[in-house]
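Visitor: What follows is each chain in one-letter form.
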Amino acid sequence: MDFNLFWSSLGPLLLGAIKGTIPLALASFALGLVLALLVAMMRISANKLANGVGRFYVSIIRGTPLLVQLFVIFYGLPAIGVKIDPWPSAIIAFSLNVGGYAAEVIRAAILSVPQGQWEAGHMIGMSRNQTLLRIILPQAARVSVPPLSNTFISLVKDTSLASLILVTEMFRVAQQVAAFSQEFMLLYLEAALIYWVICLALSTAQTRLEKRLDRYVAH
Amino acid sequence: MSPTEPVLQVRNLSKSFGTNTVLRGIDLDVPRGKVVALIGPSGSGKTTILRSLNGLEMPDAGSVTVGARGTNGEGGPVDVESQLPSLTLDFETKVSPKEVAALRDRSAMVFQHYNLFPHMSVLQNVVEGPVRVQKRPRAEVVAEAEALLARVGLLEKRDAYPFELSGGQQQRVGIVRALALKPQLLLFDEPTSALDPELVDDVLAVIKELADDGWTMVIVTHELAFARQTADEVVFMDGGVVVERGPASQVLREPKEERTQQFVRRLLHEI
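One line per chain: the protein sequences are A and B, in this order.
For the first sequence, the residue numbers in the working numbering are 0 to 218.
For the second sequence, the residue numbers in the working numbering are 141 to 411.
What the hints contain is simulated information worked out from the structure, not anything from laboratory work.
Among the hints, a few may not be true.
[As the list claims (entries may be wrong)] As a list, the in silico DSS-like pairs of lysine-lysine whose alpha-carbon atoms are at most 27 angstroms apart:
hint	chain 1	residue 1	chain 2	residue 2
1	A	K47	B	K275
2	A	K210	A	K18
3	B	K297	B	K234
4	A	K18	A	K82
5	A	K210	B	K396
6	A	K210	A	K156
7	B	K238	A	K47
8	B	K238	B	K297
9	A	K82	A	K156
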């Protein structure tokens with residue numbers, strides 16, 4: 000293996016991570032969480048239509064491959080006149096995907112908070128939304144951190160799929176350097192190493208966040 | 141408004157859960173500064189009444205009226221800057237969320253299982269409602285909250301989380317949280333049922349003190365000795381109806397109705 004190539008390609012790969020992989024993952028996760036919260040609220044609402052729509056959405060997202068979702072948005076939609084650039088296509092696809100998975104996590108987390116907490120919120124005069132934001136979600140956050148962290152870590156790795164719709168993220172940079180140098184093993188291992196380091200950092204952050212949110216629970 | 145005019149007037153309150161009728165036309169009057177204890181076997185409907193008074197349960201029929209607040213010093217410990225007008229909720233018609241909110245402005249509840257907010261400190265638990273909902277100045281609310289916590293012997297716990305407190309301490313915080321809302325009506329739902337026996341007395345002492353201060357209260361309880369000492373009136377319920385009501389000493393010592401006699405005898409035997 001050509002270790003000079005390892006060092007010389009590290010810069011471009013890291014740049015691909017900083018300019019591609021990480022912002023793509025962060026933006027998609029943030030949008031996906033907002034969507035997930037909305038869908039979770041639809042799923043726990045008494046409104047049958049809202050509940051049905053939420054259920055259908057979750058079912059579609061979880062029942063189809065992410066790559067297919069990505070291709071439908073980028074390669075499929077132009078057939079009906081909707082042409083979206085690679086970056087927005089990737090963000091839309093990943094957000095929709097995170098939204099579907101995280102909705103179920105958030106729904107379960109909200110339902111895990113005892114009914115008495117809603118009642119105490121109402122008792123002190125809070126509206127449903129105030130109770131949700133001030134009382135329920137902070138408690139739901141604690142139980143949802145581990146599964147949501149899983150979703151986020153998966154997402155970081157899944158962003159490599161965006162290379163297939165021409166988004167210049169880290170894996171696409173690795174592919175380009177590999178094609179040029181013919182050092183496939185080296186470049187793909189190097190990309191794998193960087194993904195692994197990013198995910199290690201995220202795992203550490205997850206542990207710290209869990210500890211922080213655990214401070215009000217008896218051990 | 142005279143001090144004896146009812147703060148709370150319940151008329152013909154009815155409620156069913158599916159085919160199960162839990163309240164069958166309940167009437168209840170609570171004069172200002174008086175304490176009414178609701179007693180009766182499980183499933184008799186007493187907790188449902190209490191929850192209806194805080195909008196946590198929606199009755200199918202009947203009405204609830206909470207009288208206008210008295211002015212300073214008039215039969216009650218609450219210093220009132222803003223006068224809340226009298227409020228009537230008629231459950232024959234659809235009650236709006238705004239009306240439910242208005243009802244909650246006037247009453248505060250202490251729960252059987254405390255229901256403190258576990259992610260907030262003791263002080264945050266107490267000031268959350270007055271600051272976030274009533275929009276009162278934080279400094280003023282904190283000062284009042286600290287005075288109330290000191291009164292129940294928990295000022296040094298102001299920064300503790302609920303899990304760090306005993307059940308009795310948590311329930312005293314629950315009481316302070318209700319008081320901080322400055323309600324016209326305090327509602328207690330079996331406030332000592334979830335406590336270890338040795339912790340019950342501290343909580344009951346606090347409630348007794350509030351009664352002596354002139355708070356208007358409705359208390360659902362199984363503590364007959366406490367009801368006898370504290371309540372002005374005892375209402376015995378069974379099967380969703382009021383079976384007997386009267387002064388505490390009469391209903392608990394010399395009940396007229398056979399069902400009340402059986403219930404009182406059984407509870408006293410348990411003790």
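Visitor: If a hint holds in the structure, say so; if it doesn't, say that too.
Guide: Against the structure, the hints:
Restraint check: the Cα-Cα separation between K47(A) and K275(B) comes to about 35 angstroms, which exceeds 27 angstroms; the hinted pair is violated. Between the alpha carbons of K210(A) and K18(A) the distance comes to roughly 30 angstroms, so the proposed pair goes past 27 angstroms and is violated. With a C-alpha separation of about 43 angstroms, the suggested pairing of K297(B) with K234(B) is violated against the 27 angstroms cut-off. For the proposed pair K18(A) and K82(A), the alpha carbon gap of about 23 angstroms is at most 27 angstroms, so the pair holds.
Between the alpha carbons of K210(A) and K396(B) the distance comes to roughly 60 angstroms, so the proposed pair goes past 27 angstroms and is violated. Using a Cα cut-off of 27 angstroms, the hinted pair K210(A) and K156(A) holds, with the two alpha carbons roughly 25 angstroms apart. Note on K238(B) and K47(A): the hinted pairing holds, with a Cα-Cα distance of about 24 angstroms set against a maximum of 27 angstroms. Between K238(B) and K297(B), the direct Cα distance comes to roughly 35 angstroms. Violation of the 27 angstroms bound is thereby established for this hinted pair.
For the suggested pair K82(A) and K156(A), the alpha carbons sit about 26 angstroms apart, so the restraint of at most 27 angstroms is met.
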